[in-house]
Amino acid sequence: MYDIIYIGGGLNYAGAIVAAKNGKKVALIEKDLSQLGGTCLHKGCIPSKMFLHFANLVYESKNEILEGELKLSQKMLFKKKDALLKSVTKVVQKQCSHFELIEGEGRLVAPHTVEVNGQIVEGEYIVMGTGSHAFVPDGIEYNAKDIITSDEVLDLQELPSKIAIYGTGAIGLEMASFFAAAGIEVTLLAHGSELLKGVHPLIATALAKQLQKLGVTFLAKHPIKDAKSTQRGVHITYEDGSSNYFPMLLVAAGRRPNLSVVACEDIECKRGIVTDANFETTVPKHYAIGDCNAKVQLAHAARAEVLNVTERILGKNPRQLNLDHIVKFIHTLPMSYATVGLSKKALEEKKLEYKESLVTLNQFTYSVYNHASSGLMISYVDSEGFILGAEIFAPNAEELIATVAMSLAGEMDLMQAKRTILAHPTFSEALERTFYKL
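Counting with the working numbering, you get residues 1128 to 1565 for the letters of the sequence shown.
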């Protein structure tokens, strides 16, 4: 009998480490221990940001001030990526040496009861963190070769001459940026009319222009009816009857929670595993964290959730997480998008009273040589002057947004924010100026 069983070896491992260090008898069940660390480490945010980093160097090399031109060596990039992930995986495995690792697919068959490899293990507490998988819409004949998902795109050792990307979420936009910056002809296909849902309209416009400048062709209202591999390439037929061929199709139509872990009728599942604000399921002492609860599909959200749950199990009574305070970002090139707190769309949907302050980056000389002339900083406050959130479109927006995230955690108001003196010349001073404009 274990004190805690963690099912899924993604960011769940962070909670298992803390629990074991606090004297709990812990088991972590992962179907493939070579993938310990989860999708983020092996097939997601870590390798994708590495790819984007080097693609951006290629993009920067095209500046007229620089002589010559760089070319991305995809084989070398793959080799370096593989070596990095193997090294980091060893570190994670070493961190997990203080509790039992069980390789196999765990299924919760009854309260406190997990079946794995035909055996039954029991735990007082169960924490499910089984992540999510790439969603492939009906009609698309996925083959992991020339019709791929995010599972395969970061394992490419040779880039295609052209690629179609279906989907304009984080994966679609980031990979469109990578391929285009690396010199590949990109066609970005959207089911609907919007490039990116939920962002400030001015940021959406700026992002569209940035992609166009990179050379990305954006085709709105192009839902795919079917797609299949042929000798001529991937044949894509759209719902309006038109069709064309591409050497490769990346399906980036979102992700779906992995729910096969639940084989117990007492645990309610809808889009994801249903939980309360403390991530406890419909069965007491049974929790679901990360992508499988369908709340916020981000690695840092999963880590925060499992640490919160583990502290609760340890009796430390942590504060409930405010999921609005989790930084969300999309690493496009050369400028990225980041938001925290309430966005303009969220404020309007909630019908909350707010003030908006917008500063364009073209006011700053620093923007000229950082490809940021169309960048934006937007902050929001309530009627009493308390900071509600921000949206940023700038180089390294995911780093710049940290100031606002800390402000939200500390419940800062404008008077306190204005006491902060940020460095010059940096983009952070543009964020500072948004506070002074309110």
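The hints are simulated quantities; they were obtained by calculation from the structure and are not laboratory data.
All values derive from a computational prediction rather than experimental measurement.
Among the hints, erroneous ones may be present.
Unchecked claim - 30 Å max Cα-Cα, derived BS3-like pairs, lysine-lysine:
id, residue 1, residue 2
1, 1352, 1158
2, 1170, 1348
3, 1352, 1170
Said to hold, decoys possible - Quick list of simulated restraints, FRET-style, between CB atoms:
id, residue 1, residue 2, range
4, 1356, 1556, 26 to 34 Å
5, 1207, 1510, 46 to 54 Å
6, 1483, 1553, 44 to 52 Å
7, 1213, 1240, 29 to 37 Å
8, 1203, 1230, 27 to 35 Å
9, 1549, 1197, 30 to 38 Å
10, 1546, 1367, 22 to 30 Å
11, 1211, 1511, 32 to 40 Å
12, 1190, 1478, 15 to 23 Å
13, 1556, 1482, 28 to 36 Å
14, 1220, 1180, 21 to 29 Å
15, 1245, 1397, 27 to 35 Å
16, 1190, 1551, 18 to 26 Å
17, 1478, 1230, 48 to 56 Å
Think of the CB as a built atom: it goes at the ideal place given N, C-alpha and C, for glycine as much as any other residue.
*Regarding the pair residue 1170 and residue 1348, is the alpha-carbon distance no greater than 30 Å?*
holds (29 Å)
In this structure, is the beta-carbon distance linking residue 1211 and residue 1511 contained in 32 to 40 Å? Roughly 47 Å apart at Cβ, these two residues miss the hinted range, so it is violated.
Handout entry: Cβ distance range 48 to 56 Å for residue 1478 and residue 1230, holds or violated
Key = holds (50 Å)
Please check whether residue 1207 and residue 1510 have a Cβ separation lying inside 46 to 54 Å.
holds (51 Å)
Next on the checklist: Is 22 to 30 Å respected by the C-beta to C-beta distance linking residue 1546 and residue 1367?
Outcome noted: violated (56 Å)
* How does the Cβ-Cβ distance of residue 1483 and residue 1553 compare with 44 to 52 Å: does it lie in that range? -> About 23 Å separates the Cβ atoms of residue 1483 and residue 1553, which means 44 to 52 Å is violated.
* Using the C-beta atoms of residue 1245 and residue 1397, is the stated range 27 to 35 Å upheld? -> For residue 1245 and residue 1397 the Cβ distance comes to about 30 Å; the hint holds.
Exercise. Can the restraint linking residue 1352 and residue 1170 be considered satisfied, given a maximum Cα separation of 30 Å?
Worked result: holds (27 Å)
Worksheet item: Do the Cβ positions of residue 1213 and residue 1240 conform to the proposed distance bound of 29 to 37 Å?
Response: holds (35 Å)
For the range 21 to 29 Å, tell me whether the beta carbons of residue 1220 and residue 1180 fit it or not. Roughly 25 Å apart at Cβ, these two residues keep to the hinted range, so it holds.
Exercise. Lying within 18 to 26 Å: is that true of the beta-carbon distance residue 1190 to residue 1551?
Worked result: Cβ of residue 1190 to Cβ of residue 1551: about 24 Å, so the range 18 to 26 Å holds.
Does the alpha-carbon distance linking residue 1352 and residue 1158 stay inside the 30 Å limit? violated (34 Å)
Violated hints, listed in ascending order, are 1, 4, 6, 10, 11, 12 and 13; each of the other numbered hints is respected by the structure.
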